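Fit chain to chain and form the complex, with the hints in mind.
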Amino acid sequence: MVLADIDASTSACFRNGFHLAALKAGWTVDRTVTNGYVYVLTSPQDALLQCKLLVQDSGRTIWPPATSPVIDFQFLTMDESPSCASAPYGIRWGNYFTYGRPSRRLRFHLTPCQVFGYFPGVDAPANAVMGGVPFIDPNALESTAERCADDGSEEKTWRAVWSSSDGNGSFRSGYVSGDYCVVHNSDVIRENTGLFNPPRLRLIPVNRPDGYLDGFGTVNFNTPVMMRWMGSEEPLLHDAFIAWSSGFQPFRIRGTLWDAFCRCEFVTWESPFVLEDIPFFSYTSGYAAGYPPHWYQVGDVLTLYLRDPGVTVYNCDEAPPPLPEESNYVY
Amino acid sequence: MPAIEFYHPEEIHPSVARLVPNERTSAVRRSSTVSGLRGVLTLAGWTLDLGRSPKAQVSVSLHVPSLPVRSPEPPGGESDKLPGPLVCAQAPAIVVQRPGVPLPGRTWAWDQGRYKEPPCPHFPLGFTPGQTFEIFKGALAEALDMNIIRTLGLGDGVVQLDLEAKFAGPDPNGTQVAGWVGGTVWRGGWRMLSGEYRGWFIGLSFTEGPGTSGGLWDAWEFGARLHHGMEDLSGTQEVALRLALSGRWRKEATPPPPYSSIGIGAPPDPNANTGDWSWYRVCACPYQLAIWFDGASDTPAQTESAAPRSLFLGMPWAPEGFTGHNPFVFAANSILGVFRTQMTWPGYTQFDGKQWRENVVTVPCMRARHEGTVNSVDRVSNTQGAVLVENAYVCTEKNPSGYIGNHRLAGKLWNCAVLAQTYPCATVEADMLGGKWVHVSSHGWAADYSTLPGRGVLYGAQAASVWWKVESTSSAPPE
Numbered sequence: 031m032v033l034a035d036i037d038a039s040t041s042a043c044f045r046n047g048f049h050l051a052a053l054k055a056g057w058t059v060d061r062t063v064t065n066g067y068v069y070v071l072t073s074p075q076d077a078l079l080q081c082k083l084l085v086q087d088s089g090r091t092i093w094p095p096a097t098s099p100v101i102d103f104q105f106l107t108m109d110e111s112p113s114c115a116s117a118p119y120g121i122r123w124g125n126y127f128t129y130g131r132p133s134r135r136l137r138f139h140l141t142p143c144q145v146f147g148y149f150p151g152v153d154a155p156a157n158a159v160m161g162g163v164p165f166i167d168p169n170a171l172e173s174t175a176e177r178c179a180d181d182g183s184e185e186k187t188w189r190a191v192w193s194s195s196d197g198n199g200s201f202r203s204g205y206v207s208g209d210y211c212v213v214h215n216s217d218v219i220r221e222n223t224g225l226f227n228p229p230r231l232r233l234i235p236v237n238r239p240d241g242y243l244d245g246f247g248t249v250n251f252n253t254p255v256m257m258r259w260m261g262s263e264e265p266l267l268h269d270a271f272i273a274w275s276s277g278f279q280p281f282r283i284r285g286t287l288w289d290a291f292c293r294c295e296f297v298t299w300e301s302p303f304v305l306e307d308i309p310f311f312s313y314t315s316g317y318a319a320g321y322p323p324h325w326y327q328v329g330d331v332l333t334l335y336l337r338d339p340g341v342t343v344y345n346c347d348e349a350p351p352p353l354p355e356e357s358n359y360v361y
Numbered sequence: 057m058p059a060i061e062f063y064h065p066e067e068i069h070p071s072v073a074r075l076v077p078n079e080r081t082s083a084v085r086r087s088s089t090v091s092g093l094r095g096v097l098t099l100a101g102w103t104l105d106l107g108r109s110p111k112a113q114v115s116v117s118l119h120v121p122s123l124p125v126r127s128p129e130p131p132g133g134e135s136d137k138l139p140g141p142l143v144c145a146q147a148p149a150i151v152v153q154r155p156g157v158p159l160p161g162r163t164w165a166w167d168q169g170r171y172k173e174p175p176c177p178h179f180p181l182g183f184t185p186g187q188t189f190e191i192f193k194g195a196l197a198e199a200l201d202m203n204i205i206r207t208l209g210l211g212d213g214v215v216q217l218d219l220e221a222k223f224a225g226p227d228p229n230g231t232q233v234a235g236w237v238g239g240t241v242w243r244g245g246w247r248m249l250s251g252e253y254r255g256w257f258i259g260l261s262f263t264e265g266p267g268t269s270g271g272l273w274d275a276w277e278f279g280a281r282l283h284h285g286m287e288d289l290s291g292t293q294e295v296a297l298r299l300a301l302s303g304r305w306r307k308e309a310t311p312p313p314p315y316s317s318i319g320i321g322a323p324p325d326p327n328a329n330t331g332d333w334s335w336y337r338v339c340a341c342p343y344q345l346a347i348w349f350d351g352a353s354d355t356p357a358q359t360e361s362a363a364p365r366s367l368f369l370g371m372p373w374a375p376e377g378f379t380g381h382n383p384f385v386f387a388a389n390s391i392l393g394v395f396r397t398q399m400t401w402p403g404y405t406q407f408d409g410k411q412w413r414e415n416v417v418t419v420p421c422m423r424a425r426h427e428g429t430v431n432s433v434d435r436v437s438n439t440q441g442a443v444l445v446e447n448a449y450v451c452t453e454k455n456p457s458g459y460i461g462n463h464r465l466a467g468k469l470w471n472c473a474v475l476a477q478t479y480p481c482a483t484v485e486a487d488m489l490g491g492k493w494v495h496v497s498s499h500g501w502a503a504d505y506s507t508l509p510g511r512g513v514l515y516g517a518q519a520a521s522v523w524w525k526v527e528s529t530s531s532a533p534p535e
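Taken in order, these protein sequences are the chains called A and B.
Residue numbers for the first sequence, in the working numbering: 31 to 361.
Residue numbers for the second sequence, in the working numbering: 57 to 535.
Mixed in with the good hints, there may be bad ones.
Said to hold, decoys possible - Label pairs and their in silico Cβ distance ranges:
id: 1; chain 1: B; residue 1: 456; chain 2: A; residue 2: 343; range: 20 to 28 Å
id: 2; chain 1: A; residue 1: 220; chain 2: B; residue 2: 254; range: 49 to 57 Å
id: 3; chain 1: A; residue 1: 95; chain 2: B; residue 2: 486; range: 52 to 60 Å
id: 4; chain 1: B; residue 1: 414; chain 2: A; residue 2: 261; range: 18 to 26 Å
id: 5; chain 1: A; residue 1: 110; chain 2: B; residue 2: 488; range: 41 to 49 Å
id: 6; chain 1: A; residue 1: 185; chain 2: B; residue 2: 486; range: 35 to 43 Å
id: 7; chain 1: A; residue 1: 298; chain 2: B; residue 2: 414; range: 32 to 40 Å
id: 8; chain 1: B; residue 1: 488; chain 2: A; residue 2: 95; range: 35 to 43 Å
id: 9; chain 1: A; residue 1: 298; chain 2: B; residue 2: 410; range: 34 to 42 Å
id: 10; chain 1: A; residue 1: 300; chain 2: B; residue 2: 382; range: 35 to 43 Å
id: 11; chain 1: A; residue 1: 59; chain 2: B; residue 2: 486; range: 46 to 54 Å
id: 12; chain 1: A; residue 1: 168; chain 2: B; residue 2: 504; range: 35 to 43 Å
id: 13; chain 1: B; residue 1: 488; chain 2: A; residue 2: 261; range: 31 to 39 Å
If you are wondering where the hints come from, they were derived from the structure by calculation, not from laboratory data.
A quick note: this is a predicted structure, and the numbers were derived from the prediction, not measured.
Don't be surprised by glycine CBs; every beta carbon is placed ideally from N, CA and C.
Here chain B stands alone, though its shape is the one from the complex (with noise of 0.2 Å):
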């Protein structure tokens, strides 16, 4: 009989376990959480995409007719003009706010035909609307520090204006335009490639979107594409996620409405870590990413059903010779279903390269298959009572069928174990085996199961919790 390994050679990959903040406020700007989710996972061993991470975005509109136009030249010429700093008393034209900037920059449209050269930063008016709207354009570009990237009539007048930055990253996330156009820029971000695991890669964008209002940040936005190679694209496709506080995942390929702003906290204590909803836990190895609320507690306001914002990413292993995939991929949410307290993970799965598909991967376990003892559930330990390991092995459908029908062994999750208990979403991490280890997961945890109603409790649900197994799990954000 084989003798059933607890580590495959190749799983011996580094992970690491980090804290990132939720850090999204108009206060003092620290680093960037985008930015702390590519410094852990560089240090897991994915690499940057830099031509390919996405450029911060606005769109902003204004009604070209409605433009003002420079007056005529007065009678007297310069002399008779009113003086220039009474423009800067004028509402501005281009306000700018960057985040943890604690002034907007600002720019002035500047009459010539009625003043003087004003003090203050500013653009001439045009002699017709549509070239004070040409003269504004570039204006509004040079202070964003942005290209403009397309010009679209909307009709009526109305001219839409599409910004997008001049390089990739999250620095010009929240900065937010004001004054004869409004908006929020968005979607600056970081785009990192897995590890290659039989020679696919998992390309991952993930940056931060909008709110519904004052421009607050409320999302992360995540696009996952599996594919084959570092330059070949063609055919791939990729799941655009959002992890929102009251939205649902959905697979999209333009982003979805904006969803109601969360409550953002003050900014977090690095040495704390005592369930705030101010860090964000991530583990991450060369193939395998999952993020979520670092500590979230097991109250109504902060279960992961009412506050869902976790991700688990990953591309499985599979044994050597494995013919059943080539290879998949899946992306576990936390919206269609919690993945914290339960090892049934609603998603999305793409196999070998072809389309994302709605779908469910469940990590398996040894069972009693007891009926259960009222108020419990059912445990599997040894003669000493024991906490028992297993391998974490991940089951789905290639093509799902609309329930939990016949799955099929699918692959290994990276540096996994299942454990045949359960635990508190308050429990962050364990010694055991030699390691440290990160609680991932606990099917049906409840403090009290005589509170809790239904079958899960009643007809024999099995106490199992995923962990991952890591290298430390320093509080400290990655610089």
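Only chain A is shown next, with the shape it has when bound in the complex (with noise of 0.2 Å):
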């Protein structure tokens, strides 16, 4: 696990500190590309989980509020079938957006098969990115050989990726995503959602049951309404669920986010939190300044927190990694 501190003034530099992280993290590089890499992301619960990134400057730009350059991040399965593909999620490169800081730095929680990518304290579009393959409930795998449920569902998953950008909600900012693609065993679901339109790839939350404008509390109103322990006031924690529908009902549990917990308190970004002597920080920030609080997200107050491995920071004098002999790595 690698919480990296990157330089992201310069495209060079940008890719060179992820690539050093994510060899930390243990992912291995498939090839190069022009500009970049396509690594793979292999889930410790079983070897033939696995994904793509492919992490490449192409030259793309984005707009607005400002025109500035890109990293794209592209998650991919491991066939690289296009239909499978998520958009390449655009991470801006350069002191372009740096927030008051004195230069541009992102950081990135990599584990070996799951990525959080944000700017610290922001969540504006561009700056933020997510995915990998989650860990999956034994009895539901198809390489499990003996399972302990009772279970004679045909459905077995041999495959599931999720990712998504911050463009249209995220988990940086909520419970919901509404730039994102998921894709489990062969059904693929690609969407970017207006905020108002219900987007599917999601946490789980826990609430009273009632309609979605119906959550604890008056819905609409600022206050968030959390699940506390009477007393203590100590929030509610629970496990991180990610889930999608398939287009209609129900809402699949697809598996959990690794080393990575809910917590139901407004937090601002990074927040440190120690549970059972194990440090985290919070990904999530229930409202960002001039974020309107949405229908479906209002009732719930969900931080995403994950763990802490201490940071490790990568600048632009780091040593780049040894080439390949048939690398075509542009500085």
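As structure tokens, this is what we get:
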């Protein structure tokens, strides 16, 4: 596990730092591409559960609020089928958007098969990307030889990949994602929905089961309502189940996020939290400045916490990794 | 990350589920409904508090100045008196009809000055109305086999007599008295004590209450107290709840006005579980009790909203070291709002032995929080479409704010779980996770959502239900 602090003031610095962090997290390189790599992420649970991640400077720029170049992050299945590929999620590089910092530095939380990227303290488009292979219920895995559950279902998981940008809401700001690509076996959904169209990729909160406008508390008020224990006022902690529907009900829990949990508390980004002597930090902040509460988010404050291994800093003066024999890597 | 244990070791208490008859007819009496409930609670680990169990009572009144008095002796003495059997042909002064007894008991008033001693049960008239009254009182108490606990003048010569059974229990309930006075004996029952939890007990009394006409029973009456220690009742508060057809639960110190009577079915077949109105299903463990009409259908005539008669009383589990309360009890009813068909349960809560308050208890669940597919409800499942199971927590507030505000986790239902699916009321039980479970509540089940208007359908209500694990679900009522 790596929590990388990466200099993103130049394309090369960004890609180089990310590359070092990815290798440290146990990713392997499938191949090099122009100004990038294709990585292979492998689940510690089952070596057959994998995905690929293309990280590349293709020269693309995005706008608004101003034109700036990006590094593309594109999640792929192992066969790199175009129909299963996410859109390229652009993450800005260069000192165009530093949000008051001396330079642009990004952080990436990397585990063997999961990534959460972000700009500390900021939730604005083209600053966050996330995805990977979730932990799968062993009873639902195709490769599990002896299942403990008495289950006669034929549906077994042999592939599961999820990814999201921050273009239309993401786990950076709540528990739903509006711009995402999800793959489960042969079922693929790729959407970039508006904020008021119900997106499907989400974490699963806990609340009373009334209509989605009727969570605990008064909907559309600004006061967040949170599940807490009476007396101690400690927020409820629960598993980070990741779920999506296939167009209709039900919302199927596909797995759990690695080294993560959910907490029903509104905190600022990167707030520390210690659980059973293990440090974590908050990835989500429920409300961003200028970001109106959404109908389906107001009733639940759900902060995603990631395990904190301590920050590893990657500066531009880091030695680049050895080039492969037929590299077309360009600095 | 700590594992979410489905069962806490303290939770392994046997729960029982039984059917008790909704039996209150004038036909041959079988087992008392109230005693049936007592039997279930005893099986579940509750203990009988005989010394405080309710004794049946009746109040009657009469206009004393109008009472007859003894006639003067005839000139010829006894030989001039009319035959005694003529007294027995008159209207009796006291008629006592006990449930299940074919013929009523009768007692006649004997005018000693006019008649020879009659061969039927009798009492003599006094020389004054007041004397007659005093003699009548004794005869009435003897006929009813009850004690007179109060004599109250109501003015203008009207006197009220309050009588109480000599022993606790429901057996005298439904006894009708007629003649010079009229009334029906009610409110005999039992008081049971729950298991001790965190040093506290629930004291639950349950009796049968009167109807509006004919002395028919139409309500169970429950009184629930949370108190500390076996003898310490000081400062405890009791919530008195009635469970009736069209009435409403309310917290009160004195019995409420009578409500309309219900239809009473024929004596039930103990082997049938057809959703007939003749049976209640009871689930109980040492700290929790639920009772409802067994298999109540979803037709308008028999939905909970039309015939609300259910109760969920519990003292939820809390983790060790929990400081939110010490402890709390809730009584969820089905008249302020049904609990069989939703998981937000209106009723009453009491914290730390203080005053009962009208409140809401909610059982939360995993949510999709989607706006919902039209004519459907949200469901959370896994990749195989399985019905997910999770803990049945309870959320509420100590100080009710009048709307469902920032609810707080206050505990967990004993031996219960939440399933991510809904079921009709007619679904009674299921086998899962190696045990037998009883269906308690489902949130917004409908056979056809396209026929239901409103937000719950169109805007993402969550499919979820509450189930209770029990040792068995025998349909035979306890002896």
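Would you say the C-beta atoms of residue 95/A and residue 486/B sit inside 52 to 60 Å of each other? holds, 57 Å
Return holds or violated for the Cβ distance of residue 185/A and residue 486/B against the range 35 to 43 Å. violated, 22 Å
Can the suggested window of 49 to 57 Å be confirmed for the beta-carbon pair residue 220/A and residue 254/B? holds, 53 Å
That 35 to 43 Å hint for residue 488/B and residue 95/A (C-beta), does it hold up? violated, 55 Å
Range hint compliance [Cβ, residue 168/A to residue 504/B, 35 to 43 Å]: holds, 38 Å
Starting from the hint 32 to 40 Å, judge whether the C-beta atoms of residue 298/A and residue 414/B obey it. holds, 38 Å
Look at the Cβ atoms of residue 414/B and residue 261/A and judge whether their distance stays inside 18 to 26 Å. Once the Cβ atoms are compared, 21 Å apart, the range 18 to 26 Å for residue 261/A and residue 414/B holds.
34 to 42 Å as the expected CB spacing between residue 410/B and residue 298/A, which holds or is violated: Given about 38 Å between the Cβ atoms, the range holds.
Do residue 456/B and residue 343/A keep their Cβ atoms within the hinted range of 20 to 28 Å? violated, 52 Å
Residue 110/A and residue 488/B, beta-carbon distance inside 41 to 49 Å? holds, 42 Å
Hint says 31 to 39 Å; check whether the CB-CB distance for residue 488/B and residue 261/A agrees. At 33 Å between Cβs, range holds.
Falls inside 46 to 54 Å, the C-beta gap from residue 59/A to residue 486/B? holds, 52 Å
Violation of the numbered hints given earlier is confined to hints 1, 6, 8; the remaining hints are satisfied by the structure.
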